[in-house]
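Chemist: Sequence:
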Amino acid sequence: MKILFMGTPDFAKTILEALYTDGEEIVGVVTQPDKPKGRGYVLTPPPVKVYAESVGLPVYQPITLKDGAFLPVLEELKPELILVAAYGKILPKYVLDYAVHGCVNAHASLLPKYRGAAPIQRAILDGETETGVTAMQMDVGLDTGDMLLVERVAITPEDNFETVHDKLAVAGATVIRKTVAAIKAGTLTATPQPEEFTYAAKIERADCILDFSAAAKDVHNRIRGLSPIPLSQTRTPDGKLLKIVESVLLDEKTDKAPGTVLSADAADGLFRVACGDGVIGICRLLPEGKGRMSAADFIRGRKIAVGDVLKYE
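Take the sequence shown: its letter number 250 is residue 1560 in this note's numbering, and every next letter is one higher.
Incorrect hints may appear among the rest.
[What the hints assert, rightly or not] Computed Cβ-Cβ distance ranges for the label pairs, DEER-style:
#, residue 1, residue 2, range
1, Leu1353, Gly1601, 24 to 34 Å
2, Glu1598, Thr1466, 24 to 34 Å
3, Gly1601, Val1480, 25 to 35 Å
4, Lys1527, Tyr1370, 42 to 52 Å
5, Pro1547, Pro1343, 37 to 47 Å
6, Ala1464, Tyr1404, 18 to 28 Å
7, Asp1521, Asp1565, 34 to 44 Å
8, Thr1508, Lys1399, 51 to 61 Å
9, Glu1598, Lys1312, 18 to 28 Å
10, Tyr1404, Gly1426, 16 to 26 Å
11, Ala1491, Ala1567, 55 to 65 Å
12, Gly1611, Tyr1404, 31 to 41 Å
13, Gly1350, Ala1379, 27 to 37 Å
14, Ala1495, Lys1399, 45 to 55 Å
[Unchecked claim] Distance condition first, Cα-Cα at most 25 Å in a straight line; then the derived PhoX-like pairs of lysine-lysine:
#, residue 1, residue 2
15, Lys1388, Lys1512
16, Lys1566, Lys1600
17, Lys1494, Lys1312
18, Lys1566, Lys1403
19, Lys1403, Lys1312
20, Lys1512, Lys1621
21, Lys1376, Lys1512
22, Lys1566, Lys1399
23, Lys1312, Lys1347
24, Lys1347, Lys1512
Since the hints were made in silico from the structure, they are not lab data. We put the CB at the ideal spot given by N, CA and C, even for glycine.
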């Protein structure tokens, strides 16, 4: 079966690697154009392109798919199935309808929960204990197509965006492998999504601001859901931006005002901060103008003290 793969980041690369390892007939790989990155704005290829070229797969990086721009490539490759994983562009109807088996997307949530751009982060922010990857038959709606197969993944209290992302990439490879096998065997069944759904909006700057008056578990979930990027943030009493990389939820109560630093002992490896109904420990952080560091080093540098109030203003 001729497969055209469309994807861009590491999540997609893991799935493509599994398909290639399985010996699937991948007739082409479509990914986003190279983008400038870093302080030097060096033009950098996406992970999917790097992998595809390393194994000799033909790569296409169209600037646009609109108005039939990609139709000549489709007619040249004649894919029977198009597999999509975090490609990053909306597919026009002519692409969705081209292959005999249509377009199948690996969406990083348990649909109909968390349709949209940021399903992994939103699931962690909401305190979910389980997520997964849904293989979905794509249609013209935003993640509205029929569900095909699902691979579930646990979210542990220690997980953050990075660790859940990596687990979901592996789950995505598993569910797409199973989907391709079921298509070949003629055993795949589709289930329409329920009418009720949740939407995972793109992470905006406002989502990154920590509100210590919230419940401690919610503050902790926000920190881990946005780590290692883009990172949640607050400010020190002198107005310096402080991004939080890692925290722990502590089984403690306090009557101090939210945001108050309750302890700052380097030997503890963290400093404790009052929240709306409990306490969290800050373990790693990114101070303004500095590199990422441990809370212990931050304390040793006398950048935080008991009684300081962290608040974004």
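Chemist: Indicate, hint by hint, whether the structure satisfies it.
Modeler: Hints, one by one, checked against the model:
1. Judged by the Cβ atoms, the range 24 to 34 Å given for Leu1353 and Gly1601 holds: they are separated by roughly 25 Å.
2. Separation of Glu1598 from Thr1466 is about 31 Å and conforms to the stated range, judged on CB atoms against 24 to 34 Å.
3. Range check, Gly1601 to Val1480: Cβ separation about 30 Å, and the 25 to 35 Å hint holds.
4. Checking the proposed 42 to 52 Å range against Lys1527 and Tyr1370 shows it holds: the Cβ atoms sit about 45 Å from each other.
5. Between Pro1547 and Pro1343 the beta carbon distance is about 44 Å. The supplied range of 37 to 47 Å therefore holds.
6. For the hinted restraint 18 to 28 Å between Ala1464 and Tyr1404, the CB-CB distance of approximately 39 Å leaves it violated.
7. Between Asp1521 and Asp1565, the C-beta spacing of about 19 Å breaks the proposed range 34 to 44 Å.
8. Remark: the range hint 51 to 61 Å for Thr1508 to Lys1399 is contradicted by a beta-carbon distance near 23 Å.
9. At roughly 52 Å, the beta-carbon separation of Glu1598 and Lys1312 lies outside the given 18 to 28 Å, and the hint is violated.
10. For Tyr1404 and Gly1426, the hinted distance range of 16 to 26 Å is satisfied, since their beta carbons lie about 24 Å from each other.
11. Distance hint check for Ala1491 and Ala1567: the Cβ-Cβ separation is about 57 Å, which falls inside the suggested range of 55 to 65 Å.
12. Checked against the hint of 31 to 41 Å, the C-beta distance between Gly1611 and Tyr1404 comes to roughly 58 Å, which is inconsistent with it.
13. Checked against the given bound of 27 to 37 Å, the beta carbons of Gly1350 and Ala1379, roughly 31 Å apart, stay inside it.
14. Hint check: Ala1495 to Lys1399, Cβ distance near 31 Å, so the stated range 45 to 55 Å is violated.
15. Restraint check for Lys1388 and Lys1512: the C-alpha separation of about 34 Å exceeds 25 Å, so the hint is violated.
16. Proximity of Lys1566 to Lys1600 is assessed by CA-CA distance (about 29 Å); at most 25 Å being required, the pair is judged violated.
17. For the suggested pair Lys1494 and Lys1312, the alpha carbons sit about 11 Å apart, so the restraint of at most 25 Å is met.
18. At most 25 Å may separate the alpha-carbon atoms for a hinted pair to count; Lys1566 and Lys1403 exceed this at roughly 57 Å.
19. Simply put, Lys1403 and Lys1312 have alpha-carbon atoms about 20 Å apart, close enough for the 25 Å limit, and the pair holds.
20. As the CA atoms of Lys1512 and Lys1621 are separated by approximately 24 Å, the hinted pair is consistent with the 25 Å bound.
21. Simply put, Lys1376 and Lys1512 have alpha-carbon atoms about 23 Å apart, close enough for the 25 Å limit, and the pair holds.
22. Among the hinted pairs, Lys1566 with Lys1399 is inconsistent with the structure: their alpha-carbon atoms are about 48 Å apart, more than 25 Å.
23. For a cut-off of 25 Å, the pair hint linking Lys1312 to Lys1347 is broken: about 34 Å separates their Cα positions.
24. For the given pair, Lys1347 sits about 21 Å from Lys1512 by alpha-carbon distance, which is consistent with the 25 Å threshold.
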